[in-house]
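Below, each chain spelled out in residue letters.
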Amino acid sequence: MIVASRPGQCVLGAAALGIATMPLWASAWHMQLVSAALVAALFALSLQVLVGATGLVSLAQAGFFGLGAYTVHLLGSPPVWITLPAAMLAAGVAALLIGPLALRTKGFFFLMTTLAFGQMLFFAFHDTPLGGGTDGLFIVRPSLGFTVSRAGRPAVFLLLNLGVLAIVYGGLCWLMSTMLGHALQGIRSNENRMAALGHNVQRLKLIAFVLAGALAGLAGHMSALTDAFVSPDLLGWHRSAEALLMILLGGIGALHGPILGAFALVAIQEAGSLLSDRPRLVEGVVFLAAVLFLRQGIAGWRLPWRTRP
Amino acid sequence: MLTGLIAQLLNGVQYGLLLFLISSGLTLIFGVMGVINLAHGSLFMIGAYLAFGVASLTGSLWLALPVAVLGGAVFGAVLERLLFRRFRTRAHLDQVLLTFALILLFEEGRSALAGNQFHSVPVPAVLDFSVPVIGGFGYSAYRLAVLAICLLVAAGLVWLIERTRIGSAIRAAAENTEMLNLLGFDAGRVHTLVFAGGTALAMLAGALAAPLQSVYPGMGDGFLILSFIVVVIGGLGSVAGAFWAALLVGLIDTLGKAYLPQAAGIAVCAMMAVVLLWRPTGLFSRT
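Quick note, the sequences are listed as chains A and B, same order. Heads up, the final residue of the first sequence is numbered 309 in my numbering, and it's a clean run with no missing numbers. Heads up, the final residue of the second sequence is numbered 1287 in my numbering, and it's a clean run with no missing numbers.
Note that these hints are calculated values from the structure, not bench results. Careful: at least some of the hints might be erroneous.
As the list claims (entries may be wrong) - Far from chain A by the CB rule (all over 10 Å, computed), these chain B residues:
| hint | residue |
| --- | --- |
| 1 | R1086 |
| 2 | A1172 |
| 3 | E1178 |
What the hints assert, rightly or not - 25 Å max Cα-Cα, derived SDA-like pairs, lysine to any residue:
| hint | chain 1 | residue 1 | chain 2 | residue 2 |
| --- | --- | --- | --- | --- |
| 4 | A | K106 | A | L96 |
| 5 | A | K106 | A | I207 |
| 6 | A | K106 | B | L1002 |
| 7 | A | K106 | B | H1092 |
| 8 | B | K1257 | B | L1002 |
| 9 | A | K106 | B | R1171 |
| 10 | A | K106 | B | A1240 |
To be verified - Non-contacting residues of chain A with respect to chain B, defined by C-beta distances greater than 10 Å in every case (computed):
| hint | residue |
| --- | --- |
| 11 | S5 |
| 12 | A20 |
| 13 | T21 |
| 14 | P23 |
| 15 | H30 |
| 16 | A36 |
| 17 | R104 |
| 18 | G107 |
| 19 | V156 |
| 20 | A228 |
| 21 | L245 |
Model, not experiment: these values are computed from the prediction. The beta carbon of each residue, even a glycine, is placed where N, CA and C say it ideally should be.
Make a model of the complete structure from these sequences and hints.
Pasting the structure below:
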């Protein structure tokens, strides 16, 4: 897992500053678009803890994302300092229940099992009154502790999402430099060797699974807060696959890959719907090209005068 | 009450057999080639739309069945040669993304060619009657015919894999591709054959299912998830495992939808969780 180099960190920081100044110069619509990309980046980053760091490809991630979003609705929208930890807790506990079962399997079986468990969460909200109907519902936004005017909302949520993403990204950068982070990356390169070295591989994987689940819950919470809308579709496995695409698009080997990928994907979707009547066709062609030709992702692009590692 | 139960049991068996046609392809493709195909549900959908197209053009569903099988075999062979062959040794993540891109392309292609409406395909006139079963109620003759066709295909598949030379080549390819090449077989051909066969089975299932339910966008999604569960329960690469697991899943899903509609989706997943706790590699796996 490559944490961005110093020039890379500077570029990311400059981009974050650029986004932070958007309320001064951008339209509400542009701010909402970037807000959506920030939430998507947060979600993809949560999955990167499993995919890029630990080498586990999971399709259950959207289930935890949706669970976090629904927590806001199910609690009846109390203030945000209650909903935010509650969403992370709910998603984390669900991951703690599903993880030990799913982690009994490996590779292909793990993929299928997480797909099935993710769909189980989806059905739990789609088929029962818990989800408030199959088409979703508008929810009351939790109070932020201060009043936000209708016109000020896009700016406030943009800054809020940016702040949360920056904190999570910074935290994960730090995590990757700790013993735990190195142990997770060890599992990705060679699981048997890590076991032979005396690490409790199963427990490490579970820690990664629960952490990723809780972060996905956080992303879901931010999505509910930003859009004031939840629907069972948030939990569907297509969303997990989309997050995997963001990771591949941005670069599986880099911690900042999912952030680049999320922005690229939102841009592609937006360009697709502006340029053609069939945005999903454009999306499909781009993904096919990405998986065929773009093996290192955007983060793998190098300036011409720099040699490849 | 009792007659209702018998009808639901028959529905469950018939649903499970359709599920077997889909998941046997999925389990063979993974077992032999090591490729995860998330677009397998879309192949089912394409089969159903093909049946709808043929049936509305010619008025005969019987013609649609061979068209689906042959069309599926050709389509599968082309997909394998052009795309899946290159992804055999790639990471699972790449395979997931490739097949997800295919899902988007297939769904968009379907939307461009056939639109997004629901369609219905009439049951063939010959079979448009009910057969009296015990308890004096009638059961659709077409559903019984589907049941019989699926059983025939299942028997044929088991015979092909267990008793013929091609079948032993397929089983050998699942064990060791290089060894197969050394023995003088062309492993590439075996892969093409398996993928073409799996596609043909999924599209046949779609064509058979077309008159039973509406033909609609995303109709393969539910089948995809259930056939994944079937493969996990049955054990990877095991056709016999897929058969029994498909029957089990089909029965639980159908009975669940009839008697406990809120819990049907969860019941099947919960059963998978129990199997995973008990035997993480599936009920019929050899290891």
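Now the hints, each set against the structure:
A cut-off of 10 Å between C-beta atoms contradicts the statement that R1086(B) is not in contact with chain A; the least separation is 8 Å. With 10 Å as the threshold on Cβ separation, the claim that A1172(B) sits away from chain A holds: the shortest Cβ distance comes to roughly 20 Å. Annotated as non-interface, E1178(B) keeps its C-beta farther than 10 Å from every C-beta of chain A; the closest such distance is 20 Å. Simply put, K106(A) and L96(A) have alpha-carbon atoms about 17 Å apart, close enough for the 25 Å limit, and the pair holds.
A threshold of 25 Å between alpha carbons decides the hint, and for K106(A) with I207(A) the separation of about 16 Å falls inside it, so the pair holds. Among the hinted pairs, K106(A) with L1002(B) is inconsistent with the structure: their alpha-carbon atoms are about 43 Å apart, more than 25 Å. Pair hint K106(A) plus H1092(B) holds up; C-alpha atoms about 11 Å apart against a cutoff of 25 Å. Proximity of K1257(B) to L1002(B) is assessed by CA-CA distance (about 17 Å); at most 25 Å being required, the pair is judged to hold.
With a CA separation close to 22 Å, the supplied pair K106(A) and R1171(B) stays within the 25 Å bound. Restraint check for K106(A) and A1240(B): satisfied, since their Cα atoms lie roughly 22 Å apart, inside the 25 Å limit. No Cβ of chain B comes within 10 Å of the Cβ of S5(A); the nearest lies about 24 Å off, and the non-interface call holds. Once the 10 Å rule is applied to beta carbons, A20(A) is consistent with being away from chain B; the minimum gap is 32 Å.
Listed as a non-interface residue, T21(A) keeps its Cβ farther than 10 Å from every Cβ of chain B; the least gap is roughly 35 Å. Annotated as non-interface, P23(A) keeps its C-beta farther than 10 Å from every C-beta of chain B; the closest such distance is 35 Å. At roughly 26 Å, the least C-beta separation between H30(A) and chain B is larger than 10 Å, which holds for a residue marked as non-interface. The Cβ of A36(A) sits about 19 Å from the closest Cβ of chain B, beyond the 10 Å cut-off, so the non-interface label holds.
Distance check on R104(A): its Cβ comes as close as 4 Å (rounded) to a Cβ of chain B, failing to clear the 10 Å threshold; non-interface status is violated. The non-interface label for G107(A) is inconsistent with chain B: the shortest C-beta to C-beta separation is roughly 6 Å, within 10 Å. The beta carbon of V156(A) is kept farther than 10 Å from every beta carbon of chain B, the shortest such distance being approximately 34 Å. With a least beta-carbon separation of about 27 Å from chain B, A228(A) lies farther than 10 Å from that chain, consistent with its non-interface assignment.
Against chain B, the non-interface label of L245(A) is violated: not every CB pair exceeds 10 Å, the least being about 6 Å.
Checked against the numbered hints above, the structure violates hints 1, 6, 17, 18 and 21; every other hint is satisfied.
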